[in-house]
Amino acid sequence: MPRATRVSTIRRHLVQDGLVDLELDEAAQKADHPAQHENDGFAARQHVDDAGTLLVIVGAYGPDWFTTMREVRHRLEQPYVKCTVDGDASGLGEHEVLVWWATPEELQARKRAQAQQQAPLIALLRKQDAAPKAAAERQALEDAGQAGLW
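In my numbering, the protein residues as written are -2 to 147.
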């Protein structure tokens, strides 16, 4: 179940991360096409779901609205922001996403998925770090064994 989320908080996070708030009113967001705006940016509005929970709808606008949408999604799903972003919710335009505060279960699932995705890279880095150490230890043992012969 999504947690209540205020539009002002989501706006603040996005603006602090460098995105431009176009400050479109709700009517303009619902009626507008994203590519008609001259500047790239976002607009956010409050939404109440069927269960009565306050959520936020964020839309990307401008000539490169698709890139702006990627940035919105990326920034809101950062560990320090802790939001869940859903672009497949019913009633949203192709340039809009539904945003809410992530539950602890959603955050744990995200951490597990990220760890699983990064596991091969971490294993490779550990193997690369271990190789010079093992070579140095072998050389030290070899040098110690040969020193006794002289």
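Note that these hints are calculated values from the structure, not bench results.
Wrong hints could be hidden among the right ones.
As the list claims (entries may be wrong) - Here are the in silico distance ranges between beta carbons for each label pair:
id : residue 1 : residue 2 : range
1  : LEU51     : ALA133    : 14 to 22 angstroms
2  : PRO129    : ASP85     : 46 to 54 angstroms
3  : ALA110    : THR6      : 21 to 29 angstroms
4  : VAL45     : GLY84     : 13 to 21 angstroms
5  : PRO76     : PRO117    : 15 to 23 angstroms
6  : ALA133    : ARG67     : 39 to 47 angstroms
7  : LEU51     : GLY84     : 17 to 25 angstroms
In this text, a Cβ means the ideal position worked out from N, Cα and C, and glycines have one as well.
The hints, checked one at a time:
1. LEU51 - ALA133: 14 to 22 angstroms: Once the Cβ atoms are compared, 59 angstroms apart, the range 14 to 22 angstroms for ALA133 and LEU51 is violated.
2. PRO129 - ASP85: 46 to 54 angstroms: Once the Cβ atoms are compared, 47 angstroms apart, the range 46 to 54 angstroms for ASP85 and PRO129 holds.
3. ALA110 - THR6: 21 to 29 angstroms: At roughly 25 angstroms between Cβ atoms, THR6 and ALA110 fall inside 21 to 29 angstroms, so the hint holds.
4. VAL45 - GLY84: 13 to 21 angstroms: holds (19 angstroms)
5. PRO76 - PRO117: 15 to 23 angstroms: holds (21 angstroms)
6. ALA133 - ARG67: 39 to 47 angstroms: Roughly 44 angstroms apart at Cβ, these two residues keep to the hinted range, so it holds.
7. LEU51 - GLY84: 17 to 25 angstroms: Check passed, 19 angstroms falls within 17 to 25 angstroms.
Checked against the numbered hints above, the structure breaks only hint 1 and satisfies the rest.
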